[in-house]
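A.B. asks: Sequence:
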Amino acid sequence: MFFIYAFLGWCTEVIYAGVNRGVFVNRGFLNGPICPIYGFGVLTVLICLLPLHENLLLLYVGSVVLTSLLELLSGFLMEKFFHQRWWDYSDEPFNIGGYICLKFSLLWGFACVLIVEVVHPLINQVLASVPDRLSLPFLLVFSSVFVIDNVVTVVTVAKLNQRLQQLDEVARALRRVSDAFGSVAADGSIALSDANEKLREDLRAKHEELIALIHMEQKRLLNAFPNIQSRKHREVMEEIKAHVRKKLEKKYVQYRSRRF
Numbered sequence: 023m024f025f026i027y028a029f030l031g032w033c034t035e036v037i038y039a040g041v042n043r044g045v046f047v048n049r050g051f052l053n054g055p056i057c058p059i060y061g062f063g064v065l066t067v068l069i070c071l072l073p074l075h076e077n078l079l080l081l082y083v084g085s086v087v088l089t090s091l092l093e094l095l096s097g098f099l100m101e102k103f104f105h106q107r108w109w110d111y112s113d114e115p116f117n118i119g120g121y122i123c124l125k126f127s128l129l130w131g132f133a134c135v136l137i138v139e140v141v142h143p144l145i146n147q148v149l150a151s152v153p154d155r156l157s158l159p160f161l162l163v164f165s166s167v168f169v170i171d172n173v174v175t176v177v178t179v180a181k182l183n184q185r186l187q188q189l190d191e192v193a194r195a196l197r198r199v200s201d202a203f204g205s206v207a208a209d210g211s212i213a214l215s216d217a218n219e220k221l222r223e224d225l226r227a228k229h230e231e232l233i234a235l236i237h238m239e240q241k242r243l244l245n246a247f248p249n250i251q252s253r254k255h256r257e258v259m260e261e262i263k264a265h266v267r268k269k270l271e272k273k274y275v276q277y278r279s280r281r282f
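So for the sequence shown, the numbering used here puts the first residue at 23; every next one is plus one.
Any given hint might turn out to be false.
[Stated by the list, open to error] Calculated lysine to any residue pairs in the SDA-like style (CA-CA distance at most 20 Å, straight line): (1) Lys268 <-> Glu239; (2) Lys102 <-> Gln187; (3) Lys269 <-> Asn245; (4) Lys263 <-> Phe247; (5) Lys228 <-> Val167; (6) Lys263 <-> Arg253; (7) Lys125 <-> Asp113; (8) Lys102 <-> Val47; (9) Lys228 <-> Arg197; (10) Lys268 <-> Arg242; (11) Lys263 <-> Leu235; (12) Lys125 <-> Gln187; (13) Lys263 <-> Arg43; (14) Lys102 <-> Thr178; (15) Lys268 <-> Lys125; (16) Lys269 <-> Met238.
Because the hints were derived from the structure by calculation, they are not lab data.
Starting from the given sequences, assemble the full structure and let the hints guide the process.
C.D. replies: Okay, here's the thing in structure tokens:
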């Protein structure tokens, strides 16, 4: 059930992103087609609230509370662990720390009521038809792939943080050189030497090279989380996001031109 609902959640995220952005985006923290937060969220609702399925009001209110708490906890822990904020509802009214907001919490409540009353009974019937001799192998395969995907993703995010550190160091060096050159040029007493000018151009080239490299290495995560924020490297992350937005806007224009 966890993997089924995590997959259905991934499908929902992909459709939502496709409608809003006009291109396919592998929406999810992991590489595979699952969003674990949906699996955990639905299982939590089923375990805690399934006995209340005959009282739709209690089922809805409980779903709103449970899914909101899960999203709040997930966002907080992921930011603390990976030093990145993966989603941000700060622009939405009635938000808490940017981790959750009233609009989506209410939507999660409606979605959970639909799942408990309509979707879950159908999935139960399907799972009941799976022979017992196949259940364990399927579970072992899915669980193994899930664990491997988590390890690969953690390594990928760690590499992103290393690249951001490198880019931040180059950006600081470029600012120091530019400030020094600016003060020299301001008094007009000393002309910039060819060596100094080359140093500045080399730093600029390195800066652009690192941005392009990070985009190439982290393309999936950056496309999946366009509002990602870095706690330690805010400025350079904003530069990377601007670079990604330009690429996505170009793709969207191409998509619209082909469609119409």
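A.B. asks: For each hint, tell me whether it holds in the structure or not.
C.D. replies: Taking the hints in turn, this is what the structure says about them:
Distance restraint check for lysine 268 and glutamate 239: the Cα-Cα separation of roughly 17 Å lies within the 20 Å cut-off, and the hinted pair is therefore satisfied. For the given pair, lysine 102 sits about 17 Å from glutamine 187 by alpha-carbon distance, which is consistent with the 20 Å threshold. Annotation: proposed proximity of lysine 269 to asparagine 245 holds, straight-line Cα distance about 10 Å (limit 20 Å). Among the hinted pairs, lysine 263 with phenylalanine 247 is consistent with the structure: their alpha-carbon atoms are about 10 Å apart, no more than 20 Å.
The straight-line distance between the Cα atoms of lysine 228 and valine 167 is roughly 37 Å, outside the 20 Å bound, and the hint therefore fails. The straight-line distance between the Cα atoms of lysine 263 and arginine 253 is roughly 14 Å, inside the 20 Å bound, and the hint therefore holds. Under the criterion of a C-alpha separation no larger than 20 Å, the hint pairing lysine 125 with aspartate 113 is consistent with the structure, at around 12 Å. Restraint check: the Cα-Cα separation between lysine 102 and valine 47 comes to about 25 Å, which exceeds 20 Å; the hinted pair is violated.
A distance of roughly 13 Å separates the Cα atoms of lysine 228 and arginine 197; the hinted pair therefore holds under the 20 Å criterion. Taking the CA atoms of lysine 268 and arginine 242, the gap is about 15 Å. The hint holds against a cut of 20 Å. Among the hinted pairs, lysine 263 with leucine 235 is consistent with the structure: their alpha-carbon atoms are about 13 Å apart, no more than 20 Å. For the given pair, lysine 125 sits about 35 Å from glutamine 187 by alpha-carbon distance, which is inconsistent with the 20 Å threshold.
Simply put, lysine 263 and arginine 43 have alpha-carbon atoms about 15 Å apart, close enough for the 20 Å limit, and the pair holds. Straight-line distance between C-alpha atoms of lysine 102 and threonine 178 comes to about 17 Å, which keeps the hinted pair within the 20 Å bound. A distance of roughly 29 Å separates the Cα atoms of lysine 268 and lysine 125; the hinted pair therefore is violated under the 20 Å criterion. Proximity of lysine 269 to methionine 238 is assessed by CA-CA distance (about 12 Å); at most 20 Å being required, the pair is judged to hold.
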